[in-house]
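Colleague: This is what each chain is made of:
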Amino acid sequence: MSLLDALPTPRLRWDGRHPNTVLVSLSLIMLAAFWGLDVVSMAPNRIVQGTSYGALEALGWPGALLATLLLSFIGILAWQPSHRHYRALLAAVMTLMALMPVGLIASSYLLIDPELPQARLGLGATYWVVLFVLLLCLIEIRLRLKLTRLWPTLLLCGVALVWWLCATLWLDSLALVQEFKARDRQFLRAIGQHVTLVGAAVSISVVVGLVLAMLMRRYARLQKGAFAVLNFLQTIPSLALFGLLLAPLAWLAANVPLLGRLGVSGIGTMPALIALIAYSLLPMVRNTYIALEEVSPDTLEAAKGMGMRAGQRFWQVRLPLALPVLLEGVRITTVQAIGLTAVAALIGAGGLGTFIFQGLGQAAMDMVLLGALPILMLALVVDAGLGALAEALRPGGTR
Amino acid sequence: MSNSLSIAQPRKRALLWLWPLMWGTLLLLSVVAMSAAEPLFRWIEPDARQVIYDRADFYVLLGRHLLVVGIAALVTVVVGVSAGIVVTRERGSDFLPLVGQLASLGQTFPPVAVLALAVPVLGFGTLPIIVALMLYGMLPIVRNTLAGLQEVDIDIKTAAHAMGMTPTQTLRYVELPLAAPVILAGIRTSVTINIATAALGATVGASNLGDPIISGIVNGNMAYVVQGALTIALLALTVDSLFEVLQQPLRSRLSAA
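So the protein lines, in turn, are chains D and F. Those letters in the first sequence? Residues 1 to 399, per UniProt numbering, in order. Those letters in the second sequence? Residues 1 to 257, per UniProt numbering, in order.
It is worth saying that the hints were derived from the structure and are not from the lab. Incorrect hints may appear among the rest.
Covered, in the sense of this in silico footprint (three residues per stretch, anywhere, with C-beta under 8 angstroms from a C-beta of chain D), are these stretches of chain F [said to hold, decoys possible]:
(1) 51-57
(2) 91-100
(3) 170-179
Chain D residues, not near chain F, derived (Cβ > 10 angstroms throughout) [claimed, not checked]:
(4) L31
(5) T148
(6) T299
(7) M365
(8) L369
We treat Cβ as the ideally placed atom computed from N, Cα and C, and that holds for glycine.
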């Protein structure tokens, strides 16, 4: 069951005179984080621990003033919320996000000694806190303006593009960029592996899930047993399931030459794929089953009355009506699989988890970030994209 | 009324205790007497020099595992339930949509990524995994607290008000007891997920039941992996069946009402 189904639709107060306490407090949090936490850290090379700098040192007084003004602007606008003010708020939030790399460029001019080519700039706590709180502001504004998920997602993609441009053109001194430049081929291949693994696991489990759910509807006795097995699979830690598949697959590859030639081996992609599918099946089957069951019997009766055959009723009535809930299952499964694939790096499946575990091993935190950030972004993008798709497919007015 | 019910079905309640007792006994056995199963593990890994994980005693690992999951669960329950209560009051209702969305965002963040991001800030060890578990376990608790409190019939709340109860009394004696089964179900989901997820902590130096699994993967020793996985699965089953025992009286009380 998705959160959207579980939560009753919140009733929003459209009252111009009441300040929007949510945005006002978020704005105060950001101001406190901006002045209280470290904005950037600077290290002369990769190994040395960096020194941290506050807002004034990192951005200079014009930059610090501009950021303070923009952050307070959010609070002031939210004090007397109206439709127009919410739009202005949306613009302010987006501007702040887009200005973040500009702030970093400023810091790199102010702090980095041009004679130290190895010097690198690290993101401080302020950036993370402000970015997270800005995302919360965006969610709040989206709900108040009653926008679909599509718009904020598109706007965020625009912001990401700005970040990407700034990073490639002017931010050579950023530690993250340096880590990326040191292994850009590897990075792109890792993303490819990650996406391929997730895509393969999810698409296989969609098909298997659909078949299993349909079988469950036909044979009631299968339902209890299958759910028990799938529930049990979820209690095994992902780490263990990956490990447990190593030995049997290695044995199969060694003793059945045909399988070995097909690419089955104890280490690498195959055990990862099998474990991913095993984990994906429970949320997939559960949502597909609920989705197919939930379709109103009256609607199906009407379809029958119109003279539709069983096959037509399934493909033209039941499946389209079940699609939004089914997509919720795909969303949950995919987000979960993106995280689990990172763990699969431990058994040599590649993907972005490689950077995380290598970085943890070398205590190179920027390398850890290089793995963790894209995973996080991938999860958020998939979550927003599939959520928007499910929202768009939901038949109007039936709920 | 709940008293008469629990007297009426003493046998059923006793039967309920059977599961946690059985799983718990198996768990204790596996923790204390893992080495007794050496022939079995020898059969899995005939070539390995050592087949029983011995870098730490299993009961120590189990204790640390429970500690991590317990601390995370305690914080999550306190924060999640109070957040749920605050945003369903008149005063905090502005925050309701945001808290709902925030909780679902917490589960979108993969625990590995959170773990990796937490290490630079908190250092290696137990703290990052506790933070990751807290974020990951927040959604079920907040979601169920919100759902449970909002499901309480408005007529019942009006009746409580008419009897002269203050809002605090209504919350304490009416809303929370009625929402308790749903909230408890949320806590159960959260804790069960986190028992399995806590094993990830072994990758950042938190020593717990994930240790044998990691070292088994690294050394290619299947027996270690099985030992870690078995203990964690037994722990999950024990805790899950304990929750079942806790939930049962709440459910029957409600169905009687």
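Colleague: So, for every hint listed, does it hold in this structure?
Modeller: Consistency of the hints with the structure:
1. Figure legend: the segment 51-57 of chain F, annotated as covered by chain D; annotation inconsistent (0 residues with Cβ-Cβ distances under 8 angstroms, at least 3 required).
2. Closer than 8 angstroms: that is the beta-carbon criterion, and the segment 91-100 of chain F has 7 residues meeting it against chain D, so the requirement of 3 holds.
3. With 0 residues having a beta carbon nearer than 8 angstroms to a beta carbon of chain D, the segment 170-179 of chain F misses the requirement of three or more and the stated coverage is violated.
4. Every beta carbon of chain F lies more than 10 angstroms from that of L31/D, the smallest distance being close to 18 angstroms; the non-interface claim holds.
5. Every CB of chain F is more than 10 angstroms from the CB of T148/D (nearest about 14 angstroms), matching its label as outside the interface.
6. With a least CB separation of 26 angstroms from chain F, T299/D remains clear of the 10 angstroms interface cut-off, as annotated.
7. The Cβ of M365/D does not lie farther than 10 angstroms from every Cβ of chain F; its closest approach is about 4 angstroms, which violates its non-interface assignment.
8. Taking the minimum C-beta to C-beta distance to chain F, about 7 angstroms, the non-interface status of L369/D is violated against the 10 angstroms cut.
Checked against the numbered hints given earlier, this structure breaks hints 1, 3, 7, 8; the rest are met.
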